Every structure is written in structure tokens, then in C-alpha cells.
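One line per chain: the protein sequences are A, B and C, in this order.
Number 245 in our numbering belongs to position 259 of the first sequence; there are no gaps in the numbering.
Number 211 in our numbering belongs to position 225 of the second sequence; there are no gaps in the numbering.
Number 194 in our numbering belongs to position 208 of the third sequence; there are no gaps in the numbering.
Because the hints were derived from the structure by calculation, they are not lab data.
Remember, it's a predicted structure, so these values are computed and weren't measured experimentally.
Honestly, I wouldn't trust all of these hints.
Since the list gives no way to pick one copy over another, a pair counts as held whenever it fits inside one copy or between any two copies.
What the hints assert, rightly or not - Taking lysine-lysine and the DSSO-like style, the derived pairs with C-alpha atoms no more than 30 Å apart in a straight line are:
| # | residue 1 | residue 2 |
| --- | --- | --- |
| 1 | K285 | K46 |
| 2 | K56 | K205 |
| 3 | K205 | K285 |
| 4 | K205 | K46 |
| 5 | K239 | K285 |
| 6 | K219 | K285 |
| 7 | K90 | K106 |
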Amino acid sequence: MKKSLLALAIFGAFAGTASAQSSVTIYGIVDTGIAHIDNGGDSVNQVRSGNNNSSRIGFKGVEDLGTGLKAEFVLEQGINTDDGTGDPGFNRLSFVGLNGGFGKVRLGKQNTPIKEALSKIDPFGTGGLVNAITYLGGSANGIAAIPERNPNQIIYITPDFSGFSGEIAYQFGEAAGDNSANRVWGAQLGYANGPLNVQFAYSDGNTTTAAGVDTSDLKIALLGATYDFGAVKLHGAYSQKKLESNNGGADLKVKSGLIGVTVPFGASAIRAEYINNNDDRDDRDNNVLALSYTYSLSKRTTLYATYARVDNDDLSAQGFGTSPAVVPGENTSGLAVGIQHNF
Amino acid sequence: MKKSLLALAIFGAFAGTASAQSSVTIYGIVDTGIAHIDNGGDSVNQVRSGNNNSSRIGFKGVEDLGTGLKAEFVLEQGINTDDGTGDPGFNRLSFVGLNGGFGKVRLGKQNTPIKEALSKIDPFGTGGLVNAITYLGGSANGIAAIPERNPNQIIYITPDFSGFSGEIAYQFGEAAGDNSANRVWGAQLGYANGPLNVQFAYSDGNTTTAAGVDTSDLKIALLGATYDFGAVKLHGAYSQKKLESNNGGADLKVKSGLIGVTVPFGASAIRAEYINNNDDRDDRDNNVLALSYTYSLSKRTTLYATYARVDNDDLSAQGFGTSPAVVPGENTSGLAVGIQHNF
Amino acid sequence: MKKSLLALAIFGAFAGTASAQSSVTIYGIVDTGIAHIDNGGDSVNQVRSGNNNSSRIGFKGVEDLGTGLKAEFVLEQGINTDDGTGDPGFNRLSFVGLNGGFGKVRLGKQNTPIKEALSKIDPFGTGGLVNAITYLGGSANGIAAIPERNPNQIIYITPDFSGFSGEIAYQFGEAAGDNSANRVWGAQLGYANGPLNVQFAYSDGNTTTAAGVDTSDLKIALLGATYDFGAVKLHGAYSQKKLESNNGGADLKVKSGLIGVTVPFGASAIRAEYINNNDDRDDRDNNVLALSYTYSLSKRTTLYATYARVDNDDLSAQGFGTSPAVVPGENTSGLAVGIQHNF
């Protein structure tokens, strides 16, 4: 602070007005558009937040501790920019950590490893009207969706070894008397070399009732890759989500595939994605198709138009948000045009 | 960011401490005072937020996109500085937009056009213990108050044409199956030339029940003007608020007039306002009288003392906040002294 | 703002990116660790926020008004960095004030005088897993804990007179019709001279039911001191908390003593604290023992390990947070290791 104030005195023009702030960067995304949502019943036109990427505001900082060690923190809050509502606190990210030659250790609310892996594969970066974190695995099929951000996690991230990197995550279940109840293990392994990016991730979480009965395990495996030909980038992923019953019930399983393509040209890009969710049970499959055009006005500001549709089997109820309510078995669609501004 | 870091390296004294922040301005108002509130029953002394202007904190930024085009965003949260409570999210303003020679287009939660117009006429700038956005139109008379900030709005603001400017707003009703339900149209037209400022605004909103019945339309028209003689600034406005029944009920109508005066002298100013709300129904009229003295310690910090009273007819229940509860038919008053600090 | 923009134009390298921010400092603490909590029943392992100091984010600023007068504001929100949850608004601090040669006057939500005094005596600075603001006075003994931060306060803080300083606080009860109901008076007097710091504080608060019956007064007196020998700093405090019945019930009284020690060596410090709470009623006493080791990686980043235990009498129920639930009469303990990062 003192150095800064001295500098302010030297460059007098700043003196009255420049910031004494030293260690925090404010950042965020304001993404708002106009959407037409058809969830199988009456459709609706609406102003809608986060059609290309979730709107958010965050505070972060890095402190150099010397000898290669750094401390870092991130506090990030999700916001609905259509109506200004939001959750209190920093519901997206809230962690502190140390990093250095050994890698990174972070503690708090963070992305899951499977989200980290998927965000590198999904043409939509796991954000926006349609994205793989919500739609891969058939979240509306009676099994929990792929966990995106978990609280109470400790995560270790390796440094880069010739293109290889990975992370291990442990989420504390915080159940009194049973430290394995509701805990989630996760891991991610990636390989990036020139045009190729391969990602593998795994998640294994206990589900325990309030009465302390370990009813089931949710196990998710993901393998994905992208290959960038320059003019075209190809995306592909396969995931398996399995809810194993521990009390005699039947196991539930969803196998999902994703193919996608990104075609940049000048300031524009076209992205397309097709997801097939294949539930072991009858009539619960769905297919998702999404197509997006973006035009960047600058590095920070992008116009977009995205169309997506879901073909639901009779008992599948995958739509676009919860308002209007999704009608099971009906096909659903969404169309959004808008602007994403990063700050 | 890179340019900034380069600059930081050049001006070395900054290097260890200066902010890397590039694109966000934090701003706000902390306005807290001590008030005596008499809402017709037992009176109360209290620490009270927002007696001269609503307390708030906001984040905003403008990005120059080149060729005259700019992107902008505002995220603004209201706060109660007396007890530190508030709403999550950015409940005052939350919008993103583009502007240039064509004017401005903004999307999200924003002021209504009628609030924009009124804020230019009201001696109290539609803020504080008494202000025209709350008191004009007799908000406690069984008809909704003049809408101040609406979510899900798209607004187009014209550039200035020789003193003329205006805006058009459309608030999506977001009702499934009926895109006209609960939608609000608004428009504002202003003329500013030297000492004269004339404002006209109109709002037309549907009110639809959950069952989809379009019960009524709320139509508000406002005409106002200020004239600045230098030593004295005069304020006047007339508004008509009409709730038109669409299902056979009687229409409700409130006609309201406002006169005001601002007298600046040195760092001080005296502002006074008289509002008459004339409800078509019996015994629902009220008159509002407000008188304020402000003393500016700087451009950003102001001391204030404000007194206001409302003469309520038998069925009118206009007071100062909701604690203590307003007793219908009783006259109410408020006195507040405090400090407003802008940052 | 204009000056700043001019400066930005002159130092062109900044022009595109540097902040126009003038008057706000963002600050905070992210303190997250891993804890083992035994509240007398089933124990739990958890990621836990605020083990060394409460996690928070704040915005503050000071404006020089000339002639020795300054305006200041603080807005500070508590956060749970383990899971990202928090309260809306600025629930820790939210005040505006003026200061100068006469001292400081502040209005809004602020620390109580007794908290201010105790924070200078407590080896743990009234923050973290165990701290005197929570544990001194036996908060789980059926009497309200020592008030830490009160809303609706006006506080006057004296300047320093040869080492003496003090403050007087008045919290408005804001009860309609009875301005003495629920009001809290507080005062603090301190003397700091070289190695010696002596603190006295007093609090007197009415407790009034919703029906307007003044049921009781909560009176708290605190006397404490620290003496810094350099290699060792000693801490001691005595408090008396008395709930006086105003409707014929019995008075409740808790006498508490605290002794502590701080031993700094290099970047490390060991802190220890013992608290004895002696309730006039039978079987409600408890003793608290806490031991902490900290290692500072920098001025802003500290690693810590803290162990604490409470010996509860049969009807005492003092533990570490509320999850898991505290079992009355059982001894409780907490162990936390983690990192505190200030920004």
C-alpha cells in the first residue's frame, strides 16, 4: 500500500482519484438475451440470463509468497441478469489455495473434476442454453445430474508433465458419525498436445439418507477428446452414469455420447453438438441437438444466436429450465439471441 | 491486461501493489440517518437507511468496441445501511447493452421510462424519505405504485436530437402461452434546453391472474417540467394513473399533481415538494408535503435534514415505510437527519 | 473521474485498461480448513470456514473533506468459504461516519464496544474456532451471548489522549411507542502505553417482549489487559454477565475469567487461552481450553492448527457450531488445520 501511495504522489494527476487497491481482481460475465422456450406445453418468450455462458461476478487474487509458492483465492457468485436475482454468498466458487512447483491444493467450493474435464471437451464449454454438464447423462431421468460444483472439496491439481495433467478431489460428506456418508471422490486426467486434447474423469459419490442408510452410489465415468484441424475442431465424448443400489433395489444406468464441431471464421464461430442419452430403462432416452452462431465484437463482447431441441422418449422430461414446466414425453426446444459481455 | 502489466513494469513503484483491474468501476451510496417516524399510531425513533437517496452498491463498466460502438453493463444492489440487510443479487439494476450513434439498447432489470422521466422532475430525484416515485399516484390507495424498476425489460434510448431524447421499454410478461399477459410497455420523451426540462412518460401494463384471466390494465401518464432560474428551480408534474378493469369491474383512477422548488445557496440547498393525490373514489385522497435542507461537505458527502408529512383521507394509508404499520386515515410524518456518502 | 481520465490519457499505456476506480478498497479474509468436530455425540470431519478468523469480503473508503474532516464508510459481508453460502447484504459491518480532531461518529451496523475491547485482549482476537466473544460468558447457558455486532447503532469514538481512548454506543431499539425498549447502551475505555493495554467495557440492554413487557436487562461488564514482554505476551480478562429480571423472576449471572498467552518466534506464533465460565445456577459451568499454532507465509497468508476443548457441566452445552448438535453435559472438542488468506 505504501509503495502505491508513493507512486500516486509522484504521478500527481492520479493522486486524488487512483485506486489504492492492490490484490483483488473483479471479473464476471453479464450474458442476457431474448429467448423462446418450448418445454412441451405452452411456450414462452422471455428475457433470459446465461444463454451463452452463465452470468456471474467474482473476486480473485494471487499473492506471490516467494520461492515459487503462491497463495490464491476465488469468490464467485452466480447472477440472473434478466431480473437481477441471485443467491447470497458465492455459490459458484469459494476457495483458497496454495500453488507452486508441486501443483495446486485448493479448499472450498469448486468445480468437480468431471466438470473440469467436460468443459475442455464440450463445444459450449459447459455453459449456456445447452451444455454438456446439464444435458449429458440425461439429468431429468431420475438420476442426479453430473455434479458441476461441489462444496467442502479439497482438490489437488498436478503440474503439467509433458502435456499430461490431472486432479484428485475429495468432497467431505460432513455426516456426523459416518465420514464416508455422502462423500464424493473425483479424479481427472488430461493430455494436451498440439491439436489434441484428451480428457478422462471419474466420480464416485455415496448417497445416504438422513437416517444414515447408505442407499446408493453414483458413479460417473467420462472419456472425451477434441482435435483442432484449424478450420474445424471436432469434439467427442462418452459417459456412463450408474446409480448402484446398496439396499436391494435395481441399478440405474445411463450411457451417453456427444459429438460436436466448432468452425471459426474471422470473428464468427459456428458450434454444433449432438448428445444421445441411452437409459437402461424403457422410454427414458433423449437426444439433444444444439446449434449456435457467435460473432465477437471484441475479445470481451460477443453476440450469439443459439437453437437447441430435445427429443424426449415417453418418460423423459428434458427441457430448458423449469419455467414453463417440462411436459414428459414431449419434444422441447429453445431459441436465444443475445449478448455476452465479460469484464 | 498485458498492456497494463507492461505499464506497471515501466512505472516500477506500482509493480508490487497496483491493481490489475481494468474494466470495472465500483460505486455506491451509503446514506444513513436518525429518523422519527409517525405512521399514525405509536411513533418510533430509528436508525434509517436511504433518507436522502437509497443506499446501494454497484459494479459497472464500459468497453469501447471501436467504430463508435460501446458495450456497457451495470449491476446494482440495494442495501439497508442501518442494519446491513439486503436482497441477494442485484435487485436495483442488472443490465447489459450496446450504444453508439444509433442510441442505446439495454437488456435486463432497469428503471422504467416513467421513473427516468420523474427522476428529472422530482426535486428529490425520486430518492429519499419522500420522493415522487413512491408518493405520486397514491401508492397506498389499492392501486399498484408507479413501477420504479422492472425486470426482463428491453429498452431503446435515442441519442440527443437538439435537446430531444426518448426511450421505449418493453417488459416481457413471461407468462407461458400468452405473451401479452403481464407485459408492460413504457415510453419517455424529454426536451432539455438551457434552463428548461420537459418530460413526458407513459406506461401501459397488463395484469393477469395466475389462471390466465386478463383482469385489468394499469395505465400511467406523466407530464412534468422544471425551469431553472438560477437562484430558484421550479418543478411541476401531473400524472394520471388508471386501473382499467377488463372483467366488468369499475375502473380506478388517481390524478396527481406535484409542485416543487429547489433553492441552492453555496454548499446548501433547500428543497420543498407538495403532492396532491386525488382518487376518484371517496375518502382516498392524500396530500404530501416535504421539506429538506442539505449541506454538501464535498461533491460526494452531504448532510441532510428532511421533514415530511402526509394528510390522509379516511381510507388513505400513506406513511413512511411499513414499520410501524400505517394507520389508515391518520396523518403521518417523518423527520430524518443524516449523512449521504457517495463512492 | 475527470482527473483520472486525463492522467490515463497522458500515460497512454494505461489508457485502454487501467481502472477509473477512485474511492473504494476491496478487502477480505478467506479462511478455510479441515476440522474434526466432536460436539459430544457423533463426531464429524468437515471443511470449515473461519477457523483462525471469520471469512469475509468488504468494501471501504475514506474521503478527505479538507480542514481535518474525513468521511468514511465500511460495508462488510460474512461468508462461509467452505460451501460458498452467506447472508445477503453486509451483515458484519455497514456504517458511514465522519471523523476528525473531535474523534469519530459512525452510524449503522457496527461492532459493539465490548467486542472492540475484547478483540484487543483475546489472544485469538475474537475470531476463529475458539474466541472470547463466543466463549466468554458461557453463551450456551440460557443467557444471550456477548453482543458482537449490533445494527442501528450510533457510536462516538474519542481521539487518543496520551494513550487513553474510548467509545460510547447507543443501539436504537426501534420499538414503536417505547424508545427505551430493546435499546442497548455500551461503552469502552482503553489505555495503551508501550507494552501495556488495559480495556474496560460495559453493555446494558433492555429485553422487551413483542407485547411490550420489559422482561429483563442484560448487563455485561468486562475488564481485561495484555502485557507484551516481547518474547511472551500475557492476556487476562474478567467479565460478568447479568440478566436482571424485571417481572419477578430470578436474576441470572455468569462470572467468567480468561487467561491467555501469545508466544511469537520468527514467522510462527503459539497462542493459548483458558476460559472459566461460572454460572450462579447449578451444573451450568464450563471451561474452555484452546491452543493454536500459526505459521505466516507472508503478512497476508497464514497456516494454522488449532485445538480446543470444552468441559461442560451437566446442563452446559457449549460446543463448536451447531452441526453436529451439541449434547448437553458432554465434553466437546474441535481440531482445525487450514489457511487464512487476507486480501
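Status of each hint after checking the structure:
1. K285 / K46: Both: 20 Å inside a chain and 18 Å across chains, each within 30 Å.
2. K56 / K205: neither (34 Å within a copy, 47 Å between copies)
3. K205 / K285: neither (38 Å within a copy, 43 Å between copies)
4. K205 / K46: neither (32 Å within a copy, 43 Å between copies)
5. K239 / K285: Neither. Shortest intra-copy (41 Å) and inter-copy (51 Å) distances fail the 30 Å Cα cut-off.
6. K219 / K285: within (20 Å within a copy, 46 Å between copies)
7. K90 / K106: within (19 Å within a copy, 36 Å between copies)
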